[in-house]
Every structure is written in C-alpha cells, then in structure tokens.
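Take these sequences, add in the hints, and give me the full structure.
There are 6 protein chains.
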Amino acid sequence: MTKYSYDETDAFKTGRDVWFEMRGAKVAQAAVDQAAQHEMTRDLRQFLFEHCFAAVWARPGLERATRSIITISVLTALGRTEELKSHIRMGLNNGLTREQLKELFLHVGVYAGAPSAVSAVRAAMEEFEALDKAKA
Amino acid sequence: MTKYSYDETDAFKTGRDVWFEMRGAKVAQAAVDQAAQHEMTRDLRQFLFEHCFAAVWARPGLERATRSIITISVLTALGRTEELKSHIRMGLNNGLTREQLKELFLHVGVYAGAPSAVSAVRAAMEEFEALDKAKA
Amino acid sequence: MTKYSYDETDAFKTGRDVWFEMRGAKVAQAAVDQAAQHEMTRDLRQFLFEHCFAAVWARPGLERATRSIITISVLTALGRTEELKSHIRMGLNNGLTREQLKELFLHVGVYAGAPSAVSAVRAAMEEFEALDKAKA
Amino acid sequence: MTKYSYDETDAFKTGRDVWFEMRGAKVAQAAVDQAAQHEMTRDLRQFLFEHCFAAVWARPGLERATRSIITISVLTALGRTEELKSHIRMGLNNGLTREQLKELFLHVGVYAGAPSAVSAVRAAMEEFEALDKAKA
Amino acid sequence: MTKYSYDETDAFKTGRDVWFEMRGAKVAQAAVDQAAQHEMTRDLRQFLFEHCFAAVWARPGLERATRSIITISVLTALGRTEELKSHIRMGLNNGLTREQLKELFLHVGVYAGAPSAVSAVRAAMEEFEALDKAKA
Amino acid sequence: MTKYSYDETDAFKTGRDVWFEMRGAKVAQAAVDQAAQHEMTRDLRQFLFEHCFAAVWARPGLERATRSIITISVLTALGRTEELKSHIRMGLNNGLTREQLKELFLHVGVYAGAPSAVSAVRAAMEEFEALDKAKA
Numbered sequence: 003m004t005k006y007s008y009d010e011t012d013a014f015k016t017g018r019d020v021w022f023e024m025r026g027a028k029v030a031q032a033a034v035d036q037a038a039q040h041e042m043t044r045d046l047r048q049f050l051f052e053h054c055f056a057a058v059w060a061r062p063g064l065e066r067a068t069r070s071i072i073t074i075s076v077l078t079a080l081g082r083t084e085e086l087k088s089h090i091r092m093g094l095n096n097g098l099t100r101e102q103l104k105e106l107f108l109h110v111g112v113y114a115g116a117p118s119a120v121s122a123v124r125a126a127m128e129e130f131e132a133l134d135k136a137k138a
Numbered sequence: 003m004t005k006y007s008y009d010e011t012d013a014f015k016t017g018r019d020v021w022f023e024m025r026g027a028k029v030a031q032a033a034v035d036q037a038a039q040h041e042m043t044r045d046l047r048q049f050l051f052e053h054c055f056a057a058v059w060a061r062p063g064l065e066r067a068t069r070s071i072i073t074i075s076v077l078t079a080l081g082r083t084e085e086l087k088s089h090i091r092m093g094l095n096n097g098l099t100r101e102q103l104k105e106l107f108l109h110v111g112v113y114a115g116a117p118s119a120v121s122a123v124r125a126a127m128e129e130f131e132a133l134d135k136a137k138a
Numbered sequence: 003m004t005k006y007s008y009d010e011t012d013a014f015k016t017g018r019d020v021w022f023e024m025r026g027a028k029v030a031q032a033a034v035d036q037a038a039q040h041e042m043t044r045d046l047r048q049f050l051f052e053h054c055f056a057a058v059w060a061r062p063g064l065e066r067a068t069r070s071i072i073t074i075s076v077l078t079a080l081g082r083t084e085e086l087k088s089h090i091r092m093g094l095n096n097g098l099t100r101e102q103l104k105e106l107f108l109h110v111g112v113y114a115g116a117p118s119a120v121s122a123v124r125a126a127m128e129e130f131e132a133l134d135k136a137k138a
Numbered sequence: 003m004t005k006y007s008y009d010e011t012d013a014f015k016t017g018r019d020v021w022f023e024m025r026g027a028k029v030a031q032a033a034v035d036q037a038a039q040h041e042m043t044r045d046l047r048q049f050l051f052e053h054c055f056a057a058v059w060a061r062p063g064l065e066r067a068t069r070s071i072i073t074i075s076v077l078t079a080l081g082r083t084e085e086l087k088s089h090i091r092m093g094l095n096n097g098l099t100r101e102q103l104k105e106l107f108l109h110v111g112v113y114a115g116a117p118s119a120v121s122a123v124r125a126a127m128e129e130f131e132a133l134d135k136a137k138a
Numbered sequence: 003m004t005k006y007s008y009d010e011t012d013a014f015k016t017g018r019d020v021w022f023e024m025r026g027a028k029v030a031q032a033a034v035d036q037a038a039q040h041e042m043t044r045d046l047r048q049f050l051f052e053h054c055f056a057a058v059w060a061r062p063g064l065e066r067a068t069r070s071i072i073t074i075s076v077l078t079a080l081g082r083t084e085e086l087k088s089h090i091r092m093g094l095n096n097g098l099t100r101e102q103l104k105e106l107f108l109h110v111g112v113y114a115g116a117p118s119a120v121s122a123v124r125a126a127m128e129e130f131e132a133l134d135k136a137k138a
Numbered sequence: 003m004t005k006y007s008y009d010e011t012d013a014f015k016t017g018r019d020v021w022f023e024m025r026g027a028k029v030a031q032a033a034v035d036q037a038a039q040h041e042m043t044r045d046l047r048q049f050l051f052e053h054c055f056a057a058v059w060a061r062p063g064l065e066r067a068t069r070s071i072i073t074i075s076v077l078t079a080l081g082r083t084e085e086l087k088s089h090i091r092m093g094l095n096n097g098l099t100r101e102q103l104k105e106l107f108l109h110v111g112v113y114a115g116a117p118s119a120v121s122a123v124r125a126a127m128e129e130f131e132a133l134d135k136a137k138a
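Protein chains in written order, with my numbering: chain A, 3 to 138; chain B, 3 to 138; chain C, 3 to 138; chain D, 3 to 138; chain E, 3 to 138; chain F, 3 to 138.
Careful, some of the hints might be misleading.
Remember, identical chains collapse to one label, so a pair may be satisfied in a single copy or spanning two.
As the list claims (entries may be wrong) - In silico DSSO-like cross-links for lysine-lysine, where the CA-CA straight-line distance does not exceed 30 Å:
| hint | residue 1 | residue 2 |
| --- | --- | --- |
| 1 | K87 | K5 |
| 2 | K135 | K5 |
| 3 | K28 | K15 |
| 4 | K5 | K137 |
| 5 | K137 | K87 |
If you're looking for bench data, these hints aren't it; they were derived computationally from the structure.
Keep in mind that this is a model prediction, so the values were computed, not measured.
As structure tokens, this is what we get:
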C-alpha cells in the first residue's frame with residue numbers, strides 16, 4: 003500500500019504509459035510504488051511523468067530511438083551518470099544497439115571532452131554486464 | 003596566398019573532406035584559407051580536421067544525420083551558441099528538418115534546463131532567417 | 003494577427019497568467035504575439051507556459067520572491083546570461099531589491115566561481131540602467 | 003593533537019563561528035581536527051572559513067535561510083552531490099523545511115534539467131533517513 | 003570622484019596590488035574608479051580583491067605564470083569568454099607566450115570538448131589583434 | 003589473450019608510449035589488456051591513444067608537467083572525479099608536488115567554485131593514501 007497517492011491527471015497517465023513501455027512494466031511499477039512512500043519522491047515522480055515523459059517523450063515528431071539518442075547525448079555531456087544508466091537501458095529497449103551507443107559516446111567525447119566518454123563507457127559496461135547476468 | 007600551410011596528413015584530408023561536404027565547399031574553403039593566416043587558427047583547424055571530423059564524423063556506425071543530432075544535442079546542453087549555429091546549418095545539410103530541430107531543442111530543454119532550449123531556439127531562428135534571406 | 007495559434011490548455015493558461023503578472027502585461031503580450039509568428043517559437047512559448055511557469059512557478063509551497071532567488075541563482079551559476087536578464091526584471095517585480103541581488107551574486111560567486119558573479123553583475127547593471135532610463 | 007595548526011586570523015574565526023553554528027559544534031570540531039592532520043586539508047579548511055563562510059555567509063543583507071536556498075540551488079544545478087548533502091543539513095538547521103527543499107529541487111529541475119532534481123532528491127532522502135535514524 | 007568608497011583592508015590592498023601589476027596600473031585604476039560609481043560594482047571589486055586576488059594569486063607556492071595557466075584553463079573549459087579575454091592579457095603580462103596559449107587551448111579542447119578550444123581561440127585572436135593595434 | 007585487437011597506427015603507438023610513460027608500464031599494460039576484452043572499451047582506448055594522448059600530450063610546445071596542470075585544472079573545474087584521480091597520479095609522475103596540487107585546487111576553487119576544490123582535495127587525499135600504502 004502506498005502512503006502518498008498520485009494525482010492521476012491526463013498528463014500523469016500519458017507520461018506513465020510512455021515510461022512503463024520504455025522501462026519495463028515490472029521495474030516501473032516497483033519504482034512508482036516505492037516513490038509513493040514519501041511525499042518528496044511522490045512529487046518528483048509525478049513531476050517527471052507530467053513534465054518530462056508526457057511533455058516531450060509523448061510528443062510526435064521524433065521517434066523514440068531518436069529521443070533516446072538525444073537524451074543519452076545530453077546525460078553523457080553533463081556527466082549525469084545515474085540517470086545515464088537508466089536511459090542506456092531504455093535506449094536499448096527503444097532499439098538502439100550497443101555499437102550505436104559506443105559510437106555515440108566517442109562522438110560526445112569530442113564535443114564535451116574525453117572524460118565524458120570515459121564515464122559513459124564505464125556506466126554502459128556496468129549496465130551491459132547486469133543485463134547479461136540477468137539473461138544468463 | 004596562405005601564410006601558414008597545413009600538414010596534409012591522411013587524417014587531415016579525411017576530416018577536411020567530411021567538413022567540406024557538410025559545410026558547403028565555398029564557405030569551407032574560405033574558412034580554411036582565413037584560418038591559414040595565423041599560426042593559432044591554422045593549428046586549430048588542423049586539429050579539428052584530424053581529431054574531430056576524421057576522428058568521429060568519418061567513422062562508420064552512425065549516419066551523418068544521427069551524428070548531427072548528437073552534436074546539436076550536446077552543444078545545446080552546454081550552451082555553446084556559436085558552434086551550435088554552425089552545426090544547425092550542417093544538420094540541415096545532413097537532412098534534418100526544422101521541425102526535428104524544434105523537437106530536439108524542447109527535448110534537450112527538459113534534460114539540460116529550459117534556458118538551453120530558449121538559447122538554441124534563438125540561435126536557430128537567426129540561422130533560419132539568414133538562410134531564407136540568402137535564398138530570396 | 004498570429005500565424006500559429008496556441009493550444010489554450012488549462013496548463014497553458016495557468017502558466018501564461020503567472021508570466022504576465024511577473025513580466026508585465028504589455029511586454030508579455032508583445033512577446034506572445036511575436037512568438038506566434040513561427041512554429042518553432044510558438045511551440046517553445048507553449049512549452050514554457052505549461053512545463054515551466056505552470057509546472058513550478060504556479061505551485062504553492064514557495065513564495066514568488068523565493069522562486070526568483072532560486073531561478074536567478076541557477077541562471078547565474080550556469081552562465082545563462084540572456085535568461086538571467088529577464089529573470090532579474092521579474093525578480094525585482096517579485097519584490098527582490100537590488101541589494102539582495104548583489105548579495106546573491108557574490109554568494110553564487112563563491113559556489114560557482116567568481117566569473118559567474120562578474121557576468122551576473124554586468125548583466126544586472128545593464129538591466130538597472132535600462133530600467134532607470136525607462137523611468138526617467 | 004593536530005599536526006598542522008590553523009592561522010587564526012579574524013576572517014578565520016568569523017568563518018569558523020558561522021560554520022560551527024550551522025553544522026553543529028560537535029560535528030564541526032571533529033571535522034576541523036581531522037582536517038588538521040594533513041597540510042592539504044588544513045589549508046582547504048582555512049580557505050573555506052576565510053573565503054567562503056566569512057566572505058559571504060557572515061555578510062549582512064540576506065538571512066541565513068536565504069543563503070541556504072541560494073547555496074542549495076547552485077549545488078543542485080551543478081550536480082555537486084557531496085557538498086549538497088552537507089548543505090541540506092545546514093539548510094534544515096537554518097530553518098528550511100523538507101517541503102521547501104522539495105519545491106526547490108523541482109524548481110531547479112526546470113532550469114538546470116530534470117536529472118539535477120532526481121540527484122538532489124536522492125541525496126536529500128539519504129540525509130533525511132540518516133537524520134531520522136539519529137533521532138530514533 | 004568616486005561615489006562609493008572601498009574598505010581598504012589589508013586583504014583589499016594585497017589583492018589590489020597583485021591585480022594592478024598584472025593588469026597594468028592605468029587600466030586597473032580606471033576600472034577601480036568606474037566600479038566605485040555603483041554599490042554593486044564596488045562590492046564586487048572589493049570581493050574580487052579580497053577573495054580572489056589576495057586569496058589565491060598572492061599566495062606563494064605557484065608562480066604567476068602557472069596561476070595564469072590554471073585560470074585560463076578553467077575559464078576555457080567553463081566557456082567564460084569575457085573573463086577569459088581579461089586573463090589572456092594578464093597571462094601574457096605574466097610571461098606566457100601566444101604559442102603556449104595555443105597549445106593550452108588545444109589541450110583543454112580534448113578534455114572539455116572541441117568547442118571550448120574554438121571559443122578560446124576566437125577570444126584570443128580578438129585580444130591579440132587589439133594588442134597589436136595598440137602597439138602599432 | 004585479448005579478444006579484440008587494436009589497430010596499431012602510428013598515432014596509436016605515439017599515444018600509447020606517452021601514456022605508458024606517465025601511467026607506469028605495468029598498470030598501463032594491464033589496463034590495455036583489460037580494455038581489449040570488449041569492443042566498446044577497446045574502441046575507447048584506441049580513441050584515447052590517438053585523439054587524446056597522441057593529439058595533445060605528444061605535441062611539443064608545453065612540458066608534460068604543464069600539461070598535467072592544465073588537465074588537472076580542467077578535470078577539477080568540471081568535477082570529473084574518476085579521471086581526476088588518474089591524472090593526479092600521472093601529474094606526480096610528471097614532476098608535480100603535492101604542495102603544487104594543493105595550490106592548484108584552491109586556485110581552481112576560486113574560479114570554478116569552492117565545491118570543486120573540496121571534491122578535488124578529497125580525491126587527492128585518497129590517491130595519496132593509496133600511494134603511501136603501496137610504498138609502505
């Protein structure tokens with residue numbers, strides 16, 4: 003049972019649906035339930051669904067794989083490692099390959115500095131290893 | 003006549019060719035000649051051809067339009083306006099549409115902050131206006 | 003007459019109202035009309051009203067003057083000068099004094115580097131001068 | 003016993019007093035003693051007292067709670083997580099509430115990118131949990 | 003005559019002396035007088051002398067040319083162009099050569115992204131041209 | 003045995019030699035072998051040798067100790083902690099002293115914000131401790 007309930011606005015539902023598809027329903031539901039245990043995390047999750055996933059991910063005009071490329075490029079450039087890991091997984095779900103991610107990281111490394119590529123590769127390798135273990 | 007000559011290595015030529023195709027030969031040649039007037043700008047241009055355009059743009063594994071999306075995302079996120087303008091032009095040459103750029107800027111705005119989208123739109127509008135005037 | 007019309011959602015109207023109050027109705031209306039001349043600027047303005055001004059400025063929990071302090075601190079730290087100027091004006095409208103802004107800039111200078119304070123002071127002095135001229 | 007002694011200038015003492023009040027005397031004294039074990043950490047601590055806590059925190063013109071809001075906004079925007087945690091504690095001591103911090107993080111998220119809010123919420127939740135455990 | 007007077011503390015005088023030597027007495031005095039016309043610029047100048055030029059530039063342990071290299075590297079990486087220009091001039095006064103600056107910019111370009119080198123070279127070329135004109 | 007082999011271009015070899023000298027042959031060889039286990043890490047290592055260590059570290063015009071100062075300044079300013087640790091070790095191998103690094107960190111702290119100095123000192127203390135243990 004959740005302590006803090008979400009405000010199920012249209013935008014909330016739109017963003018939630020996008021995120022569930024990209025993140026995988028089981029992991030996503032667990033995260034949503036966990037976030038509902040505290041006011042701060044509930045409000046953050048509500049905010050992300052409405053003003054991040056509904057606001058841009060649900061828009062037409064770019065395919066999801068392209069939106070993953072944009073997101074991962076920005077997170078790599080800004081060195082936001084935790085968020086990057088989560089979006090690497092979603093990017094793979096959206097159809098990106100590991101080879102494309104590799105090329106993306108090197109490309110960003112030229113424009114945001116080589117250390118950004120080094121960090122991103124380290125994060126990706128951890129995600130790949132976790133994914134390979136989960137499959138094994 | 004140029005005062006400082008380039009070192010025409012294979013990497014230099016590879017990077018130069020990519021850049022000339024994306025930038026347009028006439029503008030590109032003028033920039034290369036201008037850069038050759040000073041040691042500092044010559045060395046920078048040499049560096050960019052070898053370690054930027056040959057290093058990543060000439061690699062297989064991602065289409066040029068995709069590399070434009072990555073580059074423009076990073077430049078928008080980091081607020082590098084002058085370079086952004088140049089890559090908006092190259093992105094259009096690589097096949098991106100103005101509508102796709104608009105979507106990209108809003109998407110980056112969520113992940114790098116709304117001001118990054120505002121600056122990028124301002125830069126893009128200036129480039130679009132210049133392009134429309136040149137055509138008229 | 004505007005070429006591109008806005009989608010007057012509840013969120014759009016909420017955000018617009020906040021912005022009109024903070025920016026001044028006359029300047030705000032001119033900006034909204036101007037943005038409606040192009041698809042890209044229309045979509046950006048729509049986005050800012052819904053996902054910036056409605057999303058956080060219209061929330062309860064913090065006074066507007068406090069939200070101005072947060073916004074101006076972030077813009078100073080990130081060196082987003084154009085947006086900073088606009089928010090300096092809105093901050094003054096929200097009740098901040100020039101002396102408080104001065105203290106804010108020096109404080110940010112310690113945490114984001116002295117150059118961030120230098121740039122912010124330069125931007126503020128330009129805004130103050132423009133405001134003083136408009137009054138004279 | 004400390005290996006490296008501080009230079010107890012007026013500025014040092016002013017900055018130290020501010021910091022002891024905000025951090026809590028016991029934790030602060032332990033940190034000061036620990037820092038005195040090495041030349042590098044002693045010099046850093048001396049620097050922070052003189053050029054950070056005396057330089058801005060001890061200035062009149064803004065209340066401490068307001069200075070906490072500015073500091074936490076900047077640290078959230080720049081992704082300086084370790085320093086952020088320390089300033090979340092000091093902010094609570096300076097009178098900020100958890101609800102205000104939540105609003106601050108979402109607000110910064112709009113201007114510095116959603117990942118900055120996600121990281122800050124994660125850091126704050128860790129601090130809140132540690133505080134609640136210490137009280138229990 | 004200045005409207006706002008400085009607080010001539012020891013730290014102020016130490017920082018001022020360093021800055022006058024690096025900036026050139028005539029330009030420096032004009033800037034100090036100009037800053038004294040407004041409370042905000044006076045306080046900023048006071049802050050910079052005490053907490054920037056006295057705080058680090060006046061310390062032993064590194065030569066001024068080395069401190070210029072550090073400063074210019076940071077300003078290039080962070081894209082703080084206006085401050086960069088001022089420190090390029092001071093760096094030349096501190097004994098750095100144009101060739102060393104060129105190497106520095108390319109080196110930073112690898113670690114902070116190629117656009118940081120492009121911006122720095124543009125800024126440096128403007129400064130060099132202004133210096134050459136002033137000499138001619 | 004390595005799964006993915008490097009492309010031993012001249013640039014690769016030049017960059018590798020510089021890195022082996024600065025990093026220490028034993029640690030360097032282990033890292034190169036480890037990187038060769040995966041396509042992504044192999045390509046990153048290849049890229050770093052060619053477009054980072056050959057591209058700038060192998061250039062004449064600045065001594066290695068000076069290049070370490072530039073690199074460490076940038077990494078401190080940008081908060082790239084993992085890369086910073088590696089370059090602190092290489093900086094010491096290139097002749098920098100711990101006292102010089104301390105001065106560098108405080109200097110960067112003024113220009114990139116005090117938190118950058120705090121993080122860098124923490125990273126350096128960890129490296130110093132590891133080095134002292136390895137010697138004991």
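Structure-based check of all given hints:
{"no.": "1", "hint": "K87 / K5", "result": "both (28 Å within a copy, 25 Å between copies)"}
{"no.": "2", "hint": "K135 / K5", "result": "between (34 Å within a copy, 20 Å between copies)"}
{"no.": "3", "hint": "K28 / K15", "result": "within (17 Å within a copy, 36 Å between copies)"}
{"no.": "4", "hint": "K5 / K137", "result": "between (34 Å within a copy, 22 Å between copies)"}
{"no.": "5", "hint": "K137 / K87", "result": "within (18 Å within a copy, 34 Å between copies)"}
Of the hints listed earlier, there is not a single one the structure fails to meet.
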